[in-house]
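> Going down the list, the protein sequences come from chains U and A.
Using the numbering used here, the first residue of the first sequence is number 67, and each one after it goes up by one.
Using the numbering used here, the first residue of the second sequence is number 67, and each one after it goes up by one.
Treat the hints as calculated values from the structure; they're not laboratory data.
Treat the hints with care, since some could be wrong.
Which copy is meant is left open, because identical chains are indistinguishable; a pair holds if it fits in one copy or across any two.
What the hints assert, rightly or not - DSSO-like, lysine-lysine: derived pairs with alpha carbons at most 30 Å apart:
id	residue 1	residue 2
1	K171	K296
2	K87	K68
3	K296	K375
4	K68	K110
5	K171	K110
6	K379	K356
7	K178	K275
On a predicted model such as this, the values are computed, not experimentally measured, just so you know.
Protein chains: 2
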Amino acid sequence: MKQVYNFNAGPAALPRQVLEKAKEEFLNFDDTGISIMEHSHRGKHYEAVHEEAKNLLKGLLSIPDDYEVLFLQGGASLQFAMIPMNFMRPDEQPGYILTGSWSEKAVKEASKFGEVKEIISGKAGNYTSIPEVPSLSQDEYSYVHITSNNTIYGTQWPSFEGIEHPFLIADMSSDILSRRIPVNKFGLIYAGAQKNLGPAGVTVVIFRKDVAERANQGIPAILSYETHIKNRSLYNTPPTFSIYLLKLVLEWAKGLGGLEALEKRNEEKAQLIYDAIDESQGFYSGHAAKNSRSLMNITFTLKNQELTKEFLKEAEAQGFYGLAGHRSIGGCRASAYNAVPLEACEALRHFMVNFQKKHEE
Amino acid sequence: MKQVYNFNAGPAALPRQVLEKAKEEFLNFDDTGISIMEHSHRGKHYEAVHEEAKNLLKGLLSIPDDYEVLFLQGGASLQFAMIPMNFMRPDEQPGYILTGSWSEKAVKEASKFGEVKEIISGKAGNYTSIPEVPSLSQDEYSYVHITSNNTIYGTQWPSFEGIEHPFLIADMSSDILSRRIPVNKFGLIYAGAQKNLGPAGVTVVIFRKDVAERANQGIPAILSYETHIKNRSLYNTPPTFSIYLLKLVLEWAKGLGGLEALEKRNEEKAQLIYDAIDESQGFYSGHAAKNSRSLMNITFTLKNQELTKEFLKEAEAQGFYGLAGHRSIGGCRASAYNAVPLEACEALRHFMVNFQKKHEE
Chain U
67 MKQVYNFNAG PAALPRQVLE KAKEEFLNFD DTGISIMEHS HRGKHYEAVH
117 EEAKNLLKGL LSIPDDYEVL FLQGGASLQF AMIPMNFMRP DEQPGYILTG
167 SWSEKAVKEA SKFGEVKEII SGKAGNYTSI PEVPSLSQDE YSYVHITSNN
217 TIYGTQWPSF EGIEHPFLIA DMSSDILSRR IPVNKFGLIY AGAQKNLGPA
267 GVTVVIFRKD VAERANQGIP AILSYETHIK NRSLYNTPPT FSIYLLKLVL
317 EWAKGLGGLE ALEKRNEEKA QLIYDAIDES QGFYSGHAAK NSRSLMNITF
367 TLKNQELTKE FLKEAEAQGF YGLAGHRSIG GCRASAYNAV PLEACEALRH
417 FMVNFQKKHE E
Chain A
67 MKQVYNFNAG PAALPRQVLE KAKEEFLNFD DTGISIMEHS HRGKHYEAVH
117 EEAKNLLKGL LSIPDDYEVL FLQGGASLQF AMIPMNFMRP DEQPGYILTG
167 SWSEKAVKEA SKFGEVKEII SGKAGNYTSI PEVPSLSQDE YSYVHITSNN
217 TIYGTQWPSF EGIEHPFLIA DMSSDILSRR IPVNKFGLIY AGAQKNLGPA
267 GVTVVIFRKD VAERANQGIP AILSYETHIK NRSLYNTPPT FSIYLLKLVL
317 EWAKGLGGLE ALEKRNEEKA QLIYDAIDES QGFYSGHAAK NSRSLMNITF
367 TLKNQELTKE FLKEAEAQGF YGLAGHRSIG GCRASAYNAV PLEACEALRH
417 FMVNFQKKHE E
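From just these sequences and the hints, can you work out the full model?
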């Protein structure tokens, strides 16, 4: 099998061991003679997977007891709609902090349900950094929404210090499970799985229980968080195979030493590529301001479009997948999620250094 | 590996050849060195799968050119909400035909958006048969909703003759791809995949294009059919692995000879079990009236609860999965979807005959 390095932005690389284990038991789960995806979602075999996935996530993220973990469908895009449907009210106004295209989409959807306040936006600065957050009052905002990592621009909240609100919501689709997070600062955290957690098709929602009480009534059952809490994410048929893979990814993460170990590994991985940028004396230039650099998505450009094109072409020929920047901003992007091995980042650094040598001569 | 017979109601059996093929290329799709689920949904490898799945479905179901095929998430439950969100208006009233629990849920969700007319309901007769449909006027109903197969009660519309409305909507979650259907009678058909089409986590929607023009504006993008039509079901990250498996299932169905062959096979399979019921002289009694019997879900009870319990216990010990009836009505149910082989139905018939002999002595 050919050697490739998968830097796709999502769906993205999955841990090799996870895929091998899934392949091994693909036709015969737990000696039942059938695949896990052929089991009923109400049967004991799938039920055990479902509960174990929840418990592993609670353990890995140190989720306090007064939180629920939900497995939903529809990705972050459905959460953009569910949040205002559940929590916006005519006499109240939520606040959104804009740090990139995904925050913009979240605002756009919420605006369909009423007036939304943009607390602060990095748009004028082309989203190169995470803006400083003013103090937030509960009276002013019914909830406050942030995007913890911005896949397109390659920026990430360095920490969540300095942001305080009783009902803080975070879209963590592209950095959940990649570093330690203070879950207890948040009322609701959501994340599409297809970057750090598993395959596309399942969305994790972490929910402080008291927040359910604020939810609007009379909305469609499938779009109400309360429905899913009451039914332990089994109100309708869940995407069972995706949740099974999520469970395997969580087991893998635990085996590696949990979030602290993953965070350290992700820092090392990203540093390799940022070093190649910083030591290039301008041959490569990073999009993100240094204090807002993402450990997950490393965005950069070369001197001109022609050279960028040549870089992407040569990289692809050498087995690097997914290095083209998002179509909305161009340039290059290396997405180094949890499952991307250190060796892939070493190989990319090596490639970048060599490419520079060759093209500077 | 032990011999089992999978009669689960959904998630359900998948064709063995499909699972074997998926296993074979699980780590290395199309010689790319990575799994199909690690590919970007915007890359050429996944794109080819996506388009091929659509084209196969169009071919198998003879879907006319003025229809679109969408791959969404959230199952039938999300469709229960999306349909009224997109198509209900204050001055109009849709009509629903009630043939079981899933139709009831569809009505309940639609009622959150306005007044809904129950055209006719089989509830008083405990949903043992598909009621005769009165003539439907376009002026009276903005759309008309039916459920083509009722998994819980084991009834199925024998044909769609005698039901005419310019905007007819059908939930075909549990019998799509099992028999020929006159697609051109419908404005919208939807089906969760986890019975006849693939694994849980993807929903197929078949949509007559002119119907999009009737849709309400200003609803959340992710809940608007128009969004998904415009973006070819790639507005957000689709459940790529589930759609890949769907594609394999459709290839398998085509290889078997398409809908005509599947329909014939399903008739033979169901007949084996209905014969065991009909020839038992009351030892087994079917729930559905003969003219409304489902080829997909065969529901029956034994003389008393004790015997039913014993039947289910012995069946399980002999490798039959999923024969317990839905928790809301009890009894037994054999779900014989497309992927359930004839041999499994023969084995069940054999078991039923032997069980009767043993317990009548």
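> Does the structure break any of the earlier hints, and which numbers would those be?
none
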